[in-house]
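Chemist: For the sequence shown, our numbering begins at 1 and goes up steadily by one.
Incorrect hints may appear among the rest.
Stated by the list, open to error - With beta-carbon atoms standing in for the labels, derived distance ranges:
#: 1; residue 1: N147; residue 2: E92; range: 25 to 35 Å
#: 2; residue 1: L70; residue 2: S128; range: 29 to 39 Å
#: 3; residue 1: S153; residue 2: I104; range: 11 to 21 Å
Unchecked claim - Capping the alpha-carbon separation at 30 Å, the derived lysine-lysine pairs in DSBU-like fashion look like this:
#: 4; residue 1: K66; residue 2: K19
#: 5; residue 1: K117; residue 2: K41
#: 6; residue 1: K19; residue 2: K41
#: 7; residue 1: K19; residue 2: K45
#: 8; residue 1: K118; residue 2: K33
#: 9; residue 1: K45; residue 2: K33
#: 10; residue 1: K47; residue 2: K118
#: 11; residue 1: K117; residue 2: K19
#: 12; residue 1: K66; residue 2: K17
#: 13; residue 1: K45; residue 2: K31
#: 14; residue 1: K66; residue 2: K45
#: 15; residue 1: K19; residue 2: K47
#: 16; residue 1: K41; residue 2: K66
#: 17; residue 1: K47; residue 2: K117
#: 18; residue 1: K41; residue 2: K17
#: 19; residue 1: K66; residue 2: K33
#: 20; residue 1: K33; residue 2: K47
#: 21; residue 1: K117; residue 2: K17
Derived by calculation from the structure, the hints in this document are not laboratory data.
Ideal placement from N, C-alpha and C gives every residue a C-beta, glycine not left out.
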Amino acid sequence: PLNSRNSSYEIIKRQGKVKSILIWGRSTPYKSKEYCLLLAKYFEKNKINMDIYILSRFNKSEKQFKSRLLKYVRLIIINCWAEINVINHFREIVDYEFFPYTDISQSGPIRLAMENKKVIIIPEIAISQCQEASYENYIVYQINSNNELEFLSTKEFFR
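With the hints as extra help, turn the sequences into a complete structure.
Modeler: Following this line, the structure appears as C-alpha cells:
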C-alpha cells in the first residue's frame, strides 16, 4: 500500500513498484472525466500501486475531482490549462497516458503520445488510430454494464 507520510512510499517508487499515468486536456463533450475516477477505482480494487496525474481545468461544482491518497492509488489533480511544455514534462516521467474518450473522430493527443512512444490506454473506439499507424504499444479499455472500467488486453501491463 502507498503511504506518503513515511519513506516506504519512496522505497516502493524507487523499486519500480509504483507506475504512473498522465491524463490531460480540456473538458469537451467527447471526454468523460468520470472515466478517470473509474480508472482509479480499477487500480484500487486490484491492489495496483499507481500515481494518476490529471492536468485539466475543473470548476467548483466538480468537487469529486480532488487530490487524494487511497490505499494503492495517489490521485494528483492539477487544476490548470495544460500547456505543451508541461504535458511534455509529465510525459517524460510517467509510464502511461490515458484517454477518457466517449467519442472520437481524430485525436491529435493520441498521435502525439504515439510519437513520444508512450504506452497509451485507449477506449475501443480509438483502436483504428493505432492500427493505421502500426502502433502496438496500447492497452484497450471499455466501461462495462456495471459502470466499471475493464481492460480488454490479455497482456499484463501494470504489475
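Chemist: Against each hint, give a clear statement of whether it holds in the structure.
Modeler: Comparing the hints with the structure gives:
no.	hint	in the structure
1	N147 / E92: 25 to 35 Å	33 Å, holds
2	L70 / S128: 29 to 39 Å	34 Å, holds
3	S153 / I104: 11 to 21 Å	18 Å, holds
4	K66 / K19	20 Å, holds
5	K117 / K41	26 Å, holds
6	K19 / K41	15 Å, holds
7	K19 / K45	16 Å, holds
8	K118 / K33	21 Å, holds
9	K45 / K33	19 Å, holds
10	K47 / K118	23 Å, holds
11	K117 / K19	16 Å, holds
12	K66 / K17	24 Å, holds
13	K45 / K31	23 Å, holds
14	K66 / K45	19 Å, holds
15	K19 / K47	12 Å, holds
16	K41 / K66	14 Å, holds
17	K47 / K117	27 Å, holds
18	K41 / K17	18 Å, holds
19	K66 / K33	12 Å, holds
20	K33 / K47	22 Å, holds
21	K117 / K17	21 Å, holds
In this structure, every one of the numbered hints holds.
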